[in-house]
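Participant: Residue numbers (full-length UniProt numbering), protein chains in the order written: chain Z, 1 to 107; chain X, 1 to 107.
Hints listed in this document are in silico derivations from the structure and should not be mistaken for laboratory results.
A couple of the hints might just be wrong.
The list treats identical chains as one, so a pair stands whether inside a single copy or across any two.
[Claimed, not checked] In silico SDA-like links for lysine to any residue, alpha-carbon gap of 20 Å or less: (1) K8 x A87; (2) K8 x S49; (3) K67 x S49; (4) K67 x D19; (5) K7 x Q24.
Protein chains: 2
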Amino acid sequence: MIALDFKKESGLITTVIQDARTQQVLMVAYMNAESFERTLATGETWFWSRSRQTLWHKGETSGNIQKVQSIAVDCDADTLLISVLPAGPACHTGHTSCFYRAYARKE
Amino acid sequence: MIALDFKKESGLITTVIQDARTQQVLMVAYMNAESFERTLATGETWFWSRSRQTLWHKGETSGNIQKVQSIAVDCDADTLLISVLPAGPACHTGHTSCFYRAYARKE
């Protein structure tokens, strides 16, 4: 077992969500210990909303849940990479991925 | 131009680095405004090391620089997804990706 380091980010682990089929990076969110436990227990992603300060079951209202396929831990055990099968778009804007905008510098 | 939100993480933007060819997620690191500017100016990744509290040009000592191919911004402009061509492994352990371990629960 790998002991996750929830201390570095005041109790939170940075989590990258990637589509298991397309390899597209869908979103980045944060898990506290409880949301990580629920993710393991349910096989669907749960996060901690920093803005709302609540547990957040991804897809609970939109239906766009994410079925966990695998979980990888980074070298210093403070970041997770979770491969999922998403039931719909990851982004609240309706885009498949939250990373739908290319960065363009102001000229 | 998209105004990046460096305020949410005390001056830092979470950055996901993905291999442009394989789509493998290589690492997650943090950029402050200066490292982001240097990344744009040089076309190679620069980060802010939270543990060492210094600017960090990826590959400066190892040679494993990362050539930036594209930069995407997430919906709330506090996270970047940077697609790179890496000159070598991203991880200091020598692994291609920092996410080389599967999470396994203690039974």
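Participant: How do K8 and S49 come out at 20 Å by Cα distance, when the copy is not named: within, between, both, or neither?
Facilitator: Both ways: K8 and S49 sit 17 Å apart in one copy and 13 Å across, limit 20 Å.
Participant: Have a look at K67 and S49 and pick one of within, between, both or neither, based on CA distance no larger than 20 Å.
Facilitator: Answer is within; shortest intra-copy Cα gap is 19 Å, inter-copy 33 Å.
Participant: Between K8 and A87, at a C-alpha cutoff of 20 Å, which is it: within one copy, between copies, both, or neither?
Facilitator: Result: close neither inside a copy nor across copies, 32 Å intra and 29 Å inter.
Participant: Please sort K7 with Q24 into within, between, both or neither, judging by C-alpha distance up to 20 Å.
Facilitator: The answer is neither: 29 Å in one copy and 27 Å across copies each exceed 20 Å.
Participant: Indicate which option fits the pair K67, D19 if close means a Cα-Cα distance not exceeding 20 Å: within, between, both or neither.
Facilitator: This pair counts as within: shortest intra-copy Cα distance 10 Å, inter-copy 24 Å.
Checked against the numbered hints given earlier, the structure breaks hints 1 and 5 and satisfies all the rest.
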